[in-house]
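There are 2 protein chains.
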Amino acid sequence: MKKVNVAILGVMGSVGTEILKVLEERKFPVDNLKLLASKKYAGREIIWNSLKYVVEEVTKDSFDDVDILLSAVPSEASKIYTPIAVEKGVVVIDNSSAYRYDENVPLVIPEINPEDVETHEGIIANPNCSTIIALLPLSEINKLSLIKRIIASTYQAASGAGNKGMEELERQTKDYANEKELEVKAFHHQILHNVIPQVDNFTENGYTKEEMKMVNESRKILHNKNINISCTSVRVPVLRSHSVSMIVETEDDVSVEKAKELLSKSKGIKIVDDIERNIYPMPKDSSNQDLVFVGRIRKDLSGNGLNLWCCGDQIRKGAATNAVQIAELLVSSSNESSDRSC
Amino acid sequence: MKKVNVAILGVMGSVGTEILKVLEERKFPVDNLKLLASKKYAGREIIWNSLKYVVEEVTKDSFDDVDILLSAVPSEASKIYTPIAVEKGVVVIDNSSAYRYDENVPLVIPEINPEDVETHEGIIANPNCSTIIALLPLSEINKLSLIKRIIASTYQAASGAGNKGMEELERQTKDYANEKELEVKAFHHQILHNVIPQVDNFTENGYTKEEMKMVNESRKILHNKNINISCTSVRVPVLRSHSVSMIVETEDDVSVEKAKELLSKSKGIKIVDDIERNIYPMPKDSSNQDLVFVGRIRKDLSGNGLNLWCCGDQIRKGAATNAVQIAELLVSSSNESSDRSC
Numbered sequence: 000m001k002k003v004n005v006a007i008l009g010v011m012g013s014v015g016t017e018i019l020k021v022l023e024e025r026k027f028p029v030d031n032l033k034l035l036a037s038k039k040y041a042g043r044e045i046i047w048n049s050l051k052y053v054v055e056e057v058t059k060d061s062f063d064d065v066d067i068l069l070s071a072v073p074s075e076a077s078k079i080y081t082p083i084a085v086e087k088g089v090v091v092i093d094n095s096s097a098y099r100y101d102e103n104v105p106l107v108i109p110e111i112n113p114e115d116v117e118t119h120e121g122i123i124a125n126p127n128c129s130t131i132i133a134l135l136p137l138s139e140i141n142k143l144s145l146i147k148r149i150i151a152s153t154y155q156a157a158s159g160a161g162n163k164g165m166e167e168l169e170r171q172t173k174d175y176a177n178e179k180e181l182e183v184k185a186f187h188h189q190i191l192h193n194v195i196p197q198v199d200n201f202t203e204n205g206y207t208k209e210e211m212k213m214v215n216e217s218r219k220i221l222h223n224k225n226i227n228i229s230c231t232s233v234r235v236p237v238l239r240s241h242s243v244s245m246i247v248e249t250e251d252d253v254s255v256e257k258a259k260e261l262l263s264k265s266k267g268i269k270i271v272d273d274i275e276r277n278i279y280p281m282p283k284d285s286s287n288q289d290l291v292f293v294g295r296i297r298k299d300l301s302g303n304g305l306n307l308w309c310c311g312d313q314i315r316k317g318a319a320t321n322a323v324q325i326a327e328l329l330v331s332s333s334n335e336s337s338d339r340s341c
Numbered sequence: 000m001k002k003v004n005v006a007i008l009g010v011m012g013s014v015g016t017e018i019l020k021v022l023e024e025r026k027f028p029v030d031n032l033k034l035l036a037s038k039k040y041a042g043r044e045i046i047w048n049s050l051k052y053v054v055e056e057v058t059k060d061s062f063d064d065v066d067i068l069l070s071a072v073p074s075e076a077s078k079i080y081t082p083i084a085v086e087k088g089v090v091v092i093d094n095s096s097a098y099r100y101d102e103n104v105p106l107v108i109p110e111i112n113p114e115d116v117e118t119h120e121g122i123i124a125n126p127n128c129s130t131i132i133a134l135l136p137l138s139e140i141n142k143l144s145l146i147k148r149i150i151a152s153t154y155q156a157a158s159g160a161g162n163k164g165m166e167e168l169e170r171q172t173k174d175y176a177n178e179k180e181l182e183v184k185a186f187h188h189q190i191l192h193n194v195i196p197q198v199d200n201f202t203e204n205g206y207t208k209e210e211m212k213m214v215n216e217s218r219k220i221l222h223n224k225n226i227n228i229s230c231t232s233v234r235v236p237v238l239r240s241h242s243v244s245m246i247v248e249t250e251d252d253v254s255v256e257k258a259k260e261l262l263s264k265s266k267g268i269k270i271v272d273d274i275e276r277n278i279y280p281m282p283k284d285s286s287n288q289d290l291v292f293v294g295r296i297r298k299d300l301s302g303n304g305l306n307l308w309c310c311g312d313q314i315r316k317g318a319a320t321n322a323v324q325i326a327e328l329l330v331s332s333s334n335e336s337s338d339r340s341c
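In order, the protein sequence lines correspond to chains F and H.
Here numbering that gives the first Met the number 0 is used: position 134 in the first sequence is 133, and no number is missing along the way.
Here numbering that gives the first Met the number 0 is used: position 199 in the second sequence is 198, and no number is missing along the way.
Hints are computed from structural coordinates only; laboratory data are not their basis.
Watch out, some of these pointers could steer you wrong.
In this list, chains with the same sequence are indistinguishable; a pair is considered to hold if it fits within one copy or across any two.
Computed list of lysine-lysine pairs in DSS-like fashion (alpha-carbon distance at most 25 angstroms, straight line) [said to hold, decoys possible]:
hint, residue 1, residue 2
1, Lys208, Lys147
2, Lys20, Lys283
3, Lys1, Lys20
4, Lys184, Lys173
5, Lys208, Lys298
6, Lys283, Lys224
7, Lys163, Lys179
8, Lys283, Lys163
9, Lys259, Lys298
10, Lys298, Lys147
11, Lys173, Lys163
12, Lys259, Lys208
13, Lys78, Lys38
14, Lys173, Lys283
15, Lys147, Lys20
16, Lys20, Lys266
17, Lys78, Lys266
18, Lys2, Lys26
19, Lys2, Lys78
20, Lys173, Lys2
Just chain F, with the same shape it has in the complex (with noise of 0.2 angstroms):
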């Protein structure tokens, strides 16, 4: 296979980290290696295959022999760097919001539309954690019939705050157990024992940037614009994996024998329902791995649609896997069409 220059840009987030291990372990084809931060963090040594890299402060000369970006860093710092990178005839794969709606963009689940890598003109986005992990086992329902409806209530791990998340509730746990004051800055309220029922900023109809992320994104990746999508994103005390409680509803009905026997052959999804042994999918299980946890998996009693409940490490397979799995997809199609540039 052929070997490809990577740079990572965010490499110290709690994403970017996860990036590096994932290419590791996933033995992904890399020439050179480039990490890029904030200038804080410049200097500072990382080792990954067991060699000594240094991160290096991003600037505009920083895409030169890049081959692929993996871009770690908020929408506001990524619609900064992006069209450098691309300008230089880097493929980016952007891990932001910033282009996820942009038509030249295509948003991208490797085990759900990897045909779209191939539309991509230098940009490819890597979409919303929830929306990865309720996505996997919502398309393969719609192998079975087309979905029309998806109602979605999450359950978000503070990871998806980064770092600083998974360290406020960390901190917020041993200060509790100290009996000290709890101090909240990584989200608007108190984490620990508690749910916040607002993940992002809320926009003019009522709902998150997240739930519309939800809504806007599965219509986008599924290919169907008629799709009607309601999701309320909530954030719980839990460190990594992030849980969705969903009712999908498809043009004709979809048996709960017929949907657990395609899901078990499916690409990237383990089946977890034996409600007889009280197992089903739990964030604690779910956490650092790849797999989206699929169960409680039965006919929605209020309708003709099904009722499911899935769980999937959002750093993980909500982030820095799926970004990498896109990455492998454009070095096999670099590797069978030597005419396109990755």
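Position chain H against the provided structure of chain F, taking the given hints into account.
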């Protein structure tokens, strides 16, 4: 107001303890008070309203001279003592699910169906905690247009498993902070930093008993067997307030404005919905008080219904306060008509 002889069965449990508090706070007209519990608690002293009471072991002879029994024991124990008390002419307000579906047992939320109290034949059932919290706002929307469908996902506190549930979350919090192994006893799985998509046991249709309570009890309380209801009940690491994410569909569309206008005047409800200032109901804020907080009120983007989020204290409005309110209805009805025993 006529004073009545009150007994509390299960007075050492989380709900029993709270019933005592609520009786005092609401100045319930208690003549004699009898505190009943299992043998192991007999002889314990409790101060109530500045007087000392001694907990007695419950026996078949415990109910002489009792007018109202507030029973806060599990179904198995209720099935033993409720018939004995009724036989002696006591009116039993039962917090368990033992009699909730009996045709001659009214299931009452005083703000919603107070008139049903009149039909009792000795037993009045106190509804399931999540159902009380969800129905308080839903019953108001039902006044604007008949509810056709309810889709709910719950975020239920540890208190639903009683004192041992709350103690387990507290203990796991401290053990985690002290890097000790977490002991799992009250729940099927670790509750700290986790969510568990199971509350109560599973039934044959793949739903839990807790989920089916929301279905069957909502229909009984709203006197409408045709409402389609689907629920996913999830335990979250919160101490004592339940939250519910809901979509409600009605025969005619109900606007957000109309719903807010009515809810703002409704008994037992507080609208907490100022998203511009990141204010919405949270279990941290709705604990240790009686109102159900309602917010995130918005049009369901996937259909014609409303999407809303509510939180309420599981031990208070979800159990103890509702039971005492039922007792108040009995006393006031008995005062209105001296022919009718309370």
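To see whether the hints hold, each was checked on the structure:
For the homomeric pair Lys208 and Lys147, the shortest alpha-carbon distance inside one copy (22 angstroms) is at most 25 angstroms, but the shortest distance between copies (29 angstroms) is not. When the C-alpha separation of Lys20 and Lys283 is checked against a cutoff of 25 angstroms, the pair qualifies only within one copy, where the shortest distance is 20 angstroms, while the shortest distance between copies is 37 angstroms. Within a single copy, Lys1 and Lys20 get their C-alpha atoms as close as 20 angstroms, which meets the 25 angstroms cut-off; across copies the closest is 73 angstroms, which misses it. Proximity of Lys184 to Lys173 under the C-alpha cut-off of 25 angstroms is found in both arrangements, the shortest distances being 15 angstroms within a copy and 22 angstroms between copies.
For the homomeric pair Lys208 and Lys298, the shortest alpha-carbon distance between copies (16 angstroms) is at most 25 angstroms, but the shortest distance inside one copy (30 angstroms) is not. When the C-alpha separation of Lys283 and Lys224 is checked against a cutoff of 25 angstroms, the pair qualifies neither within a copy, at 34 angstroms, nor between copies, at 38 angstroms. Taking the shortest Cα distances, Lys163 and Lys179 sit within 25 angstroms of each other both inside one copy (19 angstroms) and across copies (24 angstroms). When the C-alpha separation of Lys283 and Lys163 is checked against a cutoff of 25 angstroms, the pair qualifies both within a copy, at 19 angstroms, and between copies, at 21 angstroms.
Taking CA atoms no more than 25 angstroms apart as the test, Lys259 paired with Lys298 passes inside one copy only; the shortest distance there is 12 angstroms, against 32 angstroms between copies. Taking the shortest alpha-carbon separations for Lys298 and Lys147, both the intra-copy value of 16 angstroms and the inter-copy value of 18 angstroms come in at or below 25 angstroms. Taking the shortest Cα distances, Lys173 and Lys163 sit within 25 angstroms of each other both inside one copy (15 angstroms) and across copies (21 angstroms). In the homo-oligomer, the alpha carbons of Lys259 and Lys208 lie at most 25 angstroms apart only across protomers (23 angstroms), although the nearest pairing inside one protomer, at 32 angstroms, exceeds that limit.
In this assembly of identical chains, the alpha carbons of Lys78 and Lys38 lie at most 25 angstroms apart only when taken from the same copy (18 angstroms versus 69 angstroms across copies). Within a single copy, Lys173 and Lys283 get their C-alpha atoms as close as 19 angstroms, and across copies as close as 18 angstroms, so both meet the 25 angstroms cut-off. For a Cα distance limit of 25 angstroms, the shortest separation of Lys147 from Lys20 qualifies neither inside one copy, at 38 angstroms, nor across copies, at 50 angstroms. For the identical chains of this complex, Lys20 and Lys266 are intra-copy neighbours only, at 21 angstroms inside a copy versus 55 angstroms across copies, given an alpha-carbon limit of 25 angstroms.
For the identical chains of this complex, Lys78 and Lys266 are neighbours neither inside a copy (33 angstroms) nor across copies (50 angstroms), given an alpha-carbon limit of 25 angstroms. Proximity of Lys2 to Lys26 under the C-alpha cut-off of 25 angstroms is restricted to the intra-copy arrangement: shortest distance 11 angstroms within a copy versus 78 angstroms between copies. Within a single copy, Lys2 and Lys78 get their C-alpha atoms no closer than 27 angstroms, and across copies no closer than 72 angstroms, so neither meets the 25 angstroms cut-off. Taking the shortest Cα distances, Lys173 and Lys2 never come within 25 angstroms of each other, neither inside one copy (45 angstroms) nor across copies (49 angstroms).
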